[in-house]
Amino acid sequence: MNPVTVSYAPHIHNHASTSHIMRDVLIALSPALAGSVLIFGMRAAVVIFMCVASAVVFEWGYQKIMKKQETISDLSACVTGLLLAFNLPVDIPLWQAVFGSGVAIILVKQFFGGIGKNFANPALTARVVMLISFPTAMSTWAEVPNAVSSATPLELVQTGALQYMPSNLDLFLGLHGGSLGETSELALIIGGVYLIARRVITWHIPVSFIGTVYILTAILGEQPTVQLLAGGLFIGAIFMATDYPTSPQTNSGRLIFGLGCGLLTVIIRVWGNYPEGVSFAILFMNCIVPFINKLTMHHALGGKKA
Amino acid sequence: MSRYAILIKGIAKENPVFVLALGLCPALAVSSLVSNALGMGLATTLVLIGTNTVISILRNVIPDKVRIPCYIVLIAGLVSIVQMLVQAFVYPLYLALGIFLPLITVNCIVFARAELFAKKNKPFDSIIDAIGTGLGFTAALVAIATVREVLGHGSWFGIPIPGLAENSISLFSMAPGGFIAFGLIIAVISKISKGRAAKLKESGCASCPSCAACGKGGAE
Numbered sequence: 002m003n004p005v006t007v008s009y010a011p012h013i014h015n016h017a018s019t020s021h022i023m024r025d026v027l028i029a030l031s032p033a034l035a036g037s038v039l040i041f042g043m044r045a046a047v048v049i050f051m052c053v054a055s056a057v058v059f060e061w062g063y064q065k066i067m068k069k070q071e072t073i074s075d076l077s078a079c080v081t082g083l084l085l086a087f088n089l090p091v092d093i094p095l096w097q098a099v100f101g102s103g104v105a106i107i108l109v110k111q112f113f114g115g116i117g118k119n120f121a122n123p124a125l126t127a128r129v130v131m132l133i134s135f136p137t138a139m140s141t142w143a144e145v146p147n148a149v150s151s152a153t154p155l156e157l158v159q160t161g162a163l164q165y166m167p168s169n170l171d172l173f174l175g176l177h178g179g180s181l182g183e184t185s186e187l188a189l190i191i192g193g194v195y196l197i198a199r200r201v202i203t204w205h206i207p208v209s210f211i212g213t214v215y216i217l218t219a220i221l222g223e224q225p226t227v228q229l230l231a232g233g234l235f236i237g238a239i240f241m242a243t244d245y246p247t248s249p250q251t252n253s254g255r256l257i258f259g260l261g262c263g264l265l266t267v268i269i270r271v272w273g274n275y276p277e278g279v280s281f282a283i284l285f286m287n288c289i290v291p292f293i294n295k296l297t298m299h300h301a302l303g304g305k306k307a
Numbered sequence: 009m010s011r012y013a014i015l016i017k018g019i020a021k022e023n024p025v026f027v028l029a030l031g032l033c034p035a036l037a038v039s040s041l042v043s044n045a046l047g048m049g050l051a052t053t054l055v056l057i058g059t060n061t062v063i064s065i066l067r068n069v070i071p072d073k074v075r076i077p078c079y080i081v082l083i084a085g086l087v088s089i090v091q092m093l094v095q096a097f098v099y100p101l102y103l104a105l106g107i108f109l110p111l112i113t114v115n116c117i118v119f120a121r122a123e124l125f126a127k128k129n130k131p132f133d134s135i136i137d138a139i140g141t142g143l144g145f146t147a148a149l150v151a152i153a154t155v156r157e158v159l160g161h162g163s164w165f166g167i168p169i170p171g172l173a174e175n176s177i178s179l180f181s182m183a184p185g186g187f188i189a190f191g192l193i194i195a196v197i198s199k200i201s202k203g204r205a206a207k208l209k210e211s212g213c214a215s216c217p218s219c220a221a222c223g224k225g226g227a228e
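For the record, the sequence lines run as chains A and B.
2 is the number of the first residue of the first sequence in our numbering; add one for each residue after it.
9 is the number of the first residue of the second sequence in our numbering; add one for each residue after it.
It is possible that part of the hints are untrue.
Here are a few chain A residues that face chain B, going by a calculated C-beta distance under 10 Å [unchecked claim]:
(1) P94
(2) Q97
(3) F112
(4) M131
(5) I133
(6) S134
(7) P136
(8) F281
(9) F285
(10) I289
If you're looking for bench data, these hints aren't it; they were derived computationally from the structure.
The model shown is predicted, which means the values in this text are computed figures rather than measured ones.
By construction, the Cβ of each residue, glycine as well, lies at the ideal position given by its N, Cα and C atoms.
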């Protein structure tokens, strides 16, 4: 006779696990990876390798020293390292890239309790730390073959040197100065569509984030298409803002989150000192995610409103 | 308690910054350079010695109900003296410390030693306590400043360190770096001491370093 197992709901399980999700994210990032090596050359591959390898080593080392359960096999450190590398210029000194990985993994992720417990996006925080620490290295952009100027398009907008602005097609394909993974919107959109199709992320954050930036810059008299394609908006909206622990849990909350990110991005880009504001916007919104979650919490049918 | 024990506890077991977490405002604000940290620590030590002595001498004169205003007047007066001394003899330090020099008046460490020790001990013991606490504070400031100056400026006490000077991480010379360095040092200390603070709690309320201040039982 077969013993009957009585178990609690949920009874339907799709066997998703952290490593499956992270593997999907890595697959989604691979077009951008290929694009960055094609655009920036082999040095890009070296930077990416150093970031990923050091992120994994930091995670493994910390967990070994602190005698915690080892989680490097869930691939989350690989994703963090890869995303960090995508946020760096190609000529970044390698020790600085390793330092950034250390900040991301140890300071932002492990000190707060490891995967799922960080309140801010590790890769983005590391990028901002590096931007503050190494302002010169982090804003020195290499010449890109076929590109007219090594400055990022957003720097061109800020300084008013619009005669060097690449064409919209070049912007879309990524043939312009910028961080490794942010330039090619084509590759990022392919990855984003894959993630949404695999139901790893929902459309709410990317669409409301990018939509807000487009509409607001149009209202403010900027060139909305350039603002959309120029900076790190797509990599931020698709891969950074949708990070599970640092984004809201409800769909309505995600719409608010994307709206806030877009609003802050435009404010920083148009009126701020920095040419780019995506990372600051996402980090700021990361901090208020608990409030958004509380505001948009689902109530059980018949349950009391909080 | 022996006088040696009084001296040592201020430096290690009851280190004002790393164990009691007092005086964090100056500890984070003026610890970007070792020279400033040392100056701040010594100025605070000077104030502490003065206040502990005076308050200990006057401990039977000051009425208990108005002791806080009395302490404030005494401390503020002594801080003014130290401020003028620093302005007269170490003018660059006076400029570097800025507002944080007069703010020693409201430093919790000075208050804590008056309230916890000088109030109920003889003047000589109080001086030793002030020296111990002051040295503990100075040591903590110099420790934080060492991390911040070496990483943030690539130098130590103004002496450039070859290899680091060109590759400094300027975050550490800014405010967030102060918090990060402080947190890292506390983490290392509690790792080395195997979280002794937690063990103290298990051994009972009386062994808590803030026992006298909280007044809810304990040995006294």
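Checked hints:
no. : hint : verdict
1   : P94  : holds (8 Å)
2   : Q97  : holds (8 Å)
3   : F112 : holds (8 Å)
4   : M131 : holds (8 Å)
5   : I133 : holds (5 Å)
6   : S134 : holds (4 Å)
7   : P136 : holds (8 Å)
8   : F281 : violated (14 Å)
9   : F285 : violated (15 Å)
10  : I289 : violated (19 Å)
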